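> Whole structure, please, built from the sequences with the hints as guidance.
Those protein sequence lines, which keep their order, are chains V and A.
In this text, residue positions in the first sequence follow the working numbering: the first is 1, and each later residue adds one.
In this text, residue positions in the second sequence follow the working numbering: the first is 1001, and each later residue adds one.
Hint data in this document are derived by calculation from the structure and do not stem from the laboratory.
Keep in mind it's a predicted model, so treat the numbers as computed, not measured.
Note that beta-carbon positions come from the ideal geometry of N, C-alpha and C, so glycine has one too.
Certain hints may be false.
Derived CB-CB ranges, DEER-like [as the list claims (entries may be wrong)]: (1) V:Asn276 with A:Ser1056: 22 to 32 Å; (2) V:Lys82 with A:Pro1075: 41 to 51 Å; (3) V:Gly147 with A:Thr1038: 47 to 57 Å; (4) V:Arg163 with A:Asn1045: 51 to 61 Å.
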Amino acid sequence: VTSIYTADLEGLCMYLRRLAYPNRLLDLEHLFGFSAEYISIIANQVMNIINQNKGHLLNNLTNLNWLNQDRLQYYAQSITTKGAPVRNCWGFIDGTVRAICRPSINQEEYFSGHKRHHCVKYQSVLCPDGIIASLMGPYPGRRYDAGIFRESNLYNQLEQRARFGENEKYVLYGDPAYPIQELLLCPFPGRRLTIEQQNFNTRMSSMRQAVEWGFGKIISDFAFLDFKKNQKLLLQNVGIMYKTAMLLTNCHTCLYGGQTAKYFNTNPPELEEYLNT
Amino acid sequence: MEDLFDVAVFGELDYNLVQDAILDNLLEVRQNAFLRSTKYGRLKNLNTFTEEECISNFRFKHEHLERLVHALGIPPEIRSAHRHTMSGMLIFSLF
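Set out below in structure tokens:
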């Protein structure tokens, strides 16, 4: 019969250490002075507690109390100051692919013909201060971005969060894979573009690279998530692990800032403000 | 040792021999004893980590770790769920 317990701080450290770099549980025994089984159980337990307590923050934009009109205006202002032609863009949307081991069931669903490996997909919305405001997923690797966007119901959340009356609205900017809508802009498609259109695309694309830095941060801080050989869909809860790591990355951004915040010269919310505590 | 006592109870062993056996047993280094610190290493007090060690291991500074525990609502005691039985192999495969 397994009945074990540990202190809060130690438990969080076990989970953080587990995520920090690809490591065997056996390697951590000497750091914490506990057996591998113990560390595994506690790390999983901490992951579930974080997801239960704060997971809702990434699921729905309307759960973010700090994402109000003033904040959206602040974001739009910072993006405009950086040279964006769109005056009311408050964030960037993109899909990300995380490699997993080949699942023994439904492997076709998880194979991305584009990336040529088995993977799960997530959809993220990145604010110019480096905070990932929304993370939807995991979706099977063969799905495409527009389909995920439709299924994620993000547009309804945008309607509730980013529209203030008839004249005031704030938009997201995505890559050409997304369908253009009132609150979601994309680059001009096609090859025959006017100079103005080409100029618009170029300037916005240099802003959009920031979203890639956001994905880069979670992987560089919590490299365990990038270790394909230990991302086993049918054995672990890969999605919850990625989500909780994203929450922790956002906490890290709140405390220490990041590359995106520096580029757009913005200040992320306070830790307690972000976590609604 | 238990076998020795059994023989002594039946009076088939000299008193001095029993005394010697007890002393020998006490002084002998216990080879198979389970010592947590030898097997898993000593439990390191988190307060003894330097700031660099803390960041490289846990990505956060020590004072921020404590703040994070409160902000994330992690309870003071983390228990494994429902005292369920779990084999070692299953636990390994979970994470």
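> Hints the structure violates: just list their numbers, smallest first.
Of the numbered hints given earlier, the structure breaks none, since each of them holds.
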